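S.K.: The lines below spell out each chain.
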Amino acid sequence: MTTVITAAATVAAPADGPAAAVLLAGRASRECLAEARLSPDAVGLLINVGVYREHNTFEPAVAALVQKEAGINLDYLADPVPGAAFSFDLMNGACGVLNAVQVAQAMLATGSTERVLITAADVHPGGRAALDPHYPYADLGAALLLERSAGAEGGFGPVRTAGSTEPSAVAGYLPTAGMRAGGRSMITVRREAGFADQLLDLAAATAAEYARAEGLDLDRTLLVTSRPTADFAQRLAARLGLPASAALAPDAPGPGAGLPHTAAPILGYLEAVAEGLPAGVDQLLFVAAGAGPSAACVSYRPLDR
Amino acid sequence: MTSDARGSRFEALGAYLPPTILGTPDLVATVTGAPDVDLERITGVSRRRVYDKRPTAGEDSYGLALKAARDALDHSRYDAGDLDLVVSASITRYRDGDDFYFEPSFAGLLAKELGAHRAIHFDVSNACAGMMTGVQLLDRLIRAGIVRNGLVVSGEQATRVAETAAREISDSYDPQFASLSVGDSAVAVVLDRAVDEADRIHYVDLMTCSEYSHLCLGMPSDRTEGIALYTDNKQMHKEDRLRLWPAFHGDQLAKLGRSFTDEGFDYVVQHQVGTRFVDYVNRTGEREFATPMPESLSVVEEFGNTASTSHFLVLHRHLKAGTARRGARYLLVPAASGVVTGALSATITNLGV
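Protein chains in written order, with our numbering: chain L, 423 to 727; chain U, 4 to 356.
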């Protein structure tokens, strides 16, 4: 049994109004379900991995609000569906999607659920990333629908994660002292000098170790990376002794949109498979690195290629 | 509902409670807009623990969690370096005093500080069901053979919302009224693979009914400086919401051809919202399952609603005091914003506390 991607979608922020993570993730969820021709009841678990959200909401889980938006398990008393869905937020910066893939593998392998929907939406708490020059990320949502595949071939490999003993050079927080009554629309993202090298060091070491441990031929692999800086994919490829064309880091849609954050792996996946994998490439290696510092890797072999 | 030989168990349980006690009359005295409210009669909470504001006390959410994690490891056969997974489940995410963190994950920072350098780490955020969510994920990761053990921890500086409520509410119907019943605390639990029937998590089944996800919202206040929790108590605690647990739990059991009575629970631990709430949920369970409820364990009078830590704080206090029997079967029932319900069934015998 392996875990495979059934559908994926990304949703850009509206051009003419404030963005909301709940709405972006909700729309991406519905697009995934439509692509897979499934009803909302087909989802047994929804994991939301977004970090930045409207109003800095900390309760309930954003996942519960996304679940409502997607019309999944609204009221068990009124409609007691057999696979009554559960949802929660999983937060680990840029690594969230890959951590959620690992959790999904456990949930699917133990028969806890038939399908897992991962959503990744980040928006500036004030609703418009472009209005805050110090905030580096794009307002963007994405969703990834996973399920079991009967075969032993294809799908995700094991997820491997890594931390570091170094202090994190990246952090995102709301300084509540001094926020007065404005805390719903403020956020501080601190990225210290050298943060890119810290993430590059950890990502390169984690990817190299993954390739070694899993016997991955990197010459037949397309790296799909998170995007903490614009040149991250090229620098990671160089560190691993690969040509720049061996790595892909997605752009957020729209001019001057900012960097894709937790949605990057889903955005990258869609970009990688849109035109078919390059000649001589038969698998992807997702590599994410972010605040912690924390890194994660997982291979993926598309079924129909 | 899964139940197989590769299940998990509670291996060690730790807690930390700030030493400062705030009595309900003293809290009510700070509620400028409603000084006469009989909070103790309405909630049953007579006192709660509150964090020490001094940075050296280390009682922000992160500091509380760190102390509970160390306590759990002190009672565990594992060292931090043995841990395969660290999950943090705090709703309140204060670190460095007044900074409310969104990244990096508390779990990663805790793993680093504890010395759990190999551990997979991530946070879960699921309101008052956060600890239960972390335990469910760890149980599944152990069952799937992905990890051998792990730590789930939560530190809650919950009285931050009480401070805002005390400044802002005007009467007992205010959406922030429930914030006055919270208390600060931290818990941590270590799970590993079950080796016998004496200690085993039989199942953890959770469900979110999202139609009601807007009934309890936490975010910074737009009136004064602080974080706030706005709860539609009337809708949140409506009978239909409370019937979700017996309906779901009963259906899960029916799939296995079992009934609530068959489970032979010795104790039930409800979410510690207030004494009336606990009684009400137990009465609902009694009616829906058509059987008396097992002995209900509680600590809400002494510690208030401690959010994500509540069920494990109840276990910790009662096991430590000897007021809950070892070798018994425990039922933990979450009730959280989302709304989340479900059931965790475990036999607890040798759990280190």
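Bear in mind the hints are in silico, worked out from the structure with no lab data behind them.
These numbers were taken from a predicted model, which means no experiment stands behind them.
We treat Cβ as the ideally placed atom computed from N, Cα and C, and that holds for glycine.
Take the hints with a grain of salt, since some may be wrong.
To be verified - Covered stretches of chain U, as calculated for chain L (at least 3 residues, CB under 8 Å):
| id | region |
| --- | --- |
| 1 | 170-183 |
| 2 | 188-199 |
| 3 | 297-309 |
| 4 | 340-350 |
Claimed, not checked - Residues on chain U that point at chain L, a partial pick, calculated with CB under 8 Å:
| id | residue |
| --- | --- |
| 5 | Ile24 |
| 6 | Leu25 |
| 7 | Pro28 |
| 8 | Asp29 |
| 9 | Glu106 |
| 10 | Ser108 |
| 11 | Ser216 |
| 12 | Phe251 |
| 13 | Tyr270 |
| 14 | Phe292 |
| 15 | Ala293 |
S.K.: Name the hints, by number, that the structure is in violation of.
M.R.: 1, 2, 3, 5, 6, 7, 8, 13, 14 and 15
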